[in-house]
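**Q** Residues per chain, in single letters:
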Amino acid sequence: MIRRLFIAMGFIFFSALTFTLPSFAGHLEPFKEAPVPKENPQTGNKIELGKQLFFDRRLSGDGTMSCATCHNPERAFTDGLDISLSYPTTRNWRNSPTLINVALQKFLFHDGRVRTLEDQALFPMMSAFEMNQNLDFLEEELTAVPEYVRSFKKVFGGEITRKRIAMALASFQRTLSSKNAPIDGYLRGNKGVLSVRAQRGFALFTGKGRCTECHHGVSLSDHKFHALHVPDNPALKNDPRVIATARFVAKVYHYEDYRNLNEDPGRYLITKDKKDWKAFRTPTLREVSRTAPYMQNGVFNTLEEVIDFFNKGGGKGNKALKPLHLGAGEKADLKAFLVEALAGEEVLVKHPALP
Amino acid sequence: MGAGPAVKKIRKTYAGKIRLIIKNYPYRYRDYAFGAAAASLAARDQGKYWEMHDLLIERSPKLDRQSLVSYARELGLNVNRFIRAMDGKKIGKAIKKDLKLAVKMDLYNTPTFFINGRKVVGNRPYEYLTKIIDEELKRTGK
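Going down the list, the protein sequences come from chains E and R.
Residues -3 to 351 (our numbering) make up the first sequence, in order.
Residues 5 to 146 (our numbering) make up the second sequence, in order.
No lab work stands behind these hints, which were simulated from the structure alone.
All values derive from a computational prediction rather than experimental measurement.
Be careful, since some hints might not be right.
What the hints assert, rightly or not - Pairs of lysine-lysine residues, derived as DSS-like cross-links and limited to a Cα-Cα distance of at most 25 angstroms, are as follows:
{"hint": "1", "chain 1": "R", "residue 1": "13", "chain 2": "E", "residue 2": "233"}
{"hint": "2", "chain 1": "R", "residue 1": "66", "chain 2": "E", "residue 2": "233"}
{"hint": "3", "chain 1": "E", "residue 1": "346", "chain 2": "R", "residue 2": "66"}
{"hint": "4", "chain 1": "R", "residue 1": "93", "chain 2": "R", "residue 2": "66"}
As the list claims (entries may be wrong) - Partner residues are not named here, just some residues of chain R that face chain E (Cβ under 10 angstroms, in silico):
{"hint": "5", "residue": "19"}
{"hint": "6", "residue": "31"}
{"hint": "7", "residue": "33"}
{"hint": "8", "residue": "104"}
{"hint": "9", "residue": "108"}
{"hint": "10", "residue": "112"}
{"hint": "11", "residue": "113"}
{"hint": "12", "residue": "114"}
{"hint": "13", "residue": "124"}
{"hint": "14", "residue": "127"}
{"hint": "15", "residue": "132"}
{"hint": "16", "residue": "138"}
{"hint": "17", "residue": "139"}
As the list claims (entries may be wrong) - From the derived model, a few chain R residues whose C-beta atoms are all more than 12 angstroms from chain E:
{"hint": "18", "residue": "87"}
{"hint": "19", "residue": "94"}
{"hint": "20", "residue": "96"}
{"hint": "21", "residue": "123"}
{"hint": "22", "residue": "142"}
Beta carbons are placed, not taken as given, at the ideal position from N, Cα and C, and that holds for glycine.
Build the full structure now, drawing on both the sequences and the hints.
**A** What follows is the structure, given as structure tokens:
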């Protein structure tokens, strides 16, 4: 039986898979927790409060969206869509990235506009095409809920402020780590945790496939930005809502010719550095088998498509990648590694009771 | 576009195997959403639900009352009957009942699908939905 709810619309965010690139190849490292900032120590009550806020639709202007709408725990903290869900009547332009292991990321958002979860948290709330909430209003809306007033007093010793909302959300998100992935055991010397095929995939990942040039370290990311010229997502073409979103973001970031913008300039919007034109953050590859569709515009539905893209040397005119010349068997081995080795223990988060 | 094309294709592919139930969820901050939902049900009463549905999506946001009536005329409906149904208590009550159900089920995003109880939020491509339908048909031995 299909039951469909009608009218309105909704869509948020993004994700990019990168492999090669010039310079050095790094090493993979087993999982270790990211450091917690001194200014925002983890406490049980704060994490619980952050969890409540994460699931609370009050954080959106019209009360239809919570953080969990686009970062759904049942879908590896993504929404499983090519282009993320968005505020009703608007449309997003990027894919919703997973929040699993987000604490390991040194840059947040596909364009890396912020570096801490505390700085990140308020952006989607304020974004016209995401949660579209007014923060002055939100502070008052939450302050009208006695349970929240008590919780903030208990956790922060004071009233509800946007800064504290962001701190609580950041604390909760720091708990979303997927430990004990097979790759962690393998890197610690337990070779038997990977099948022979996945072991061959590992050799390709670190060798001929040149994946570790960008995907290395604990998070399997170089925390840099690369212009791979990923194909356009046809679903975004000629949609006036998407054009409005692109121009709105460009305008906010003081891109002079925003009225003529019809594509996603990526990192360039933040740095205005030519080399960053259409460059996007290297995402983590941990949990990659659970976080389709892929790339910042969700244009690839499967890992096979992603591997093919890199095997062919990336998108038209890119200077970052070169063809890898992997055969069909090698591509299958590489996929086996990505699927088998990089998924850790499931992050289980239940919808909390909300005040 | 909405979810219409994928849903229609699914109805063809799985004819006789699935049952489609549509519930309305007019967005509360859109002036014309309720009227548009009512128009689709009034057209349904004359056997032209999908035709009206497609026209509403195509012409959105032009969904004021006058436009809705002109769409009914365009589709060859009995306009007086259409207006009576659209304004009538029966359809208004039905839509309010759907809204109440959505609130009870904690649903706030459209479209939301339930495929044998499996919840899918947001518009999805045909292949995404058929994968779940196939799994459910297999699971229930159909």
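**Q** Of all the hints numbered above, which does this structure not satisfy? Sort the numbers upward.
**A** 3, 5, 8, 9, 16, 17, 21
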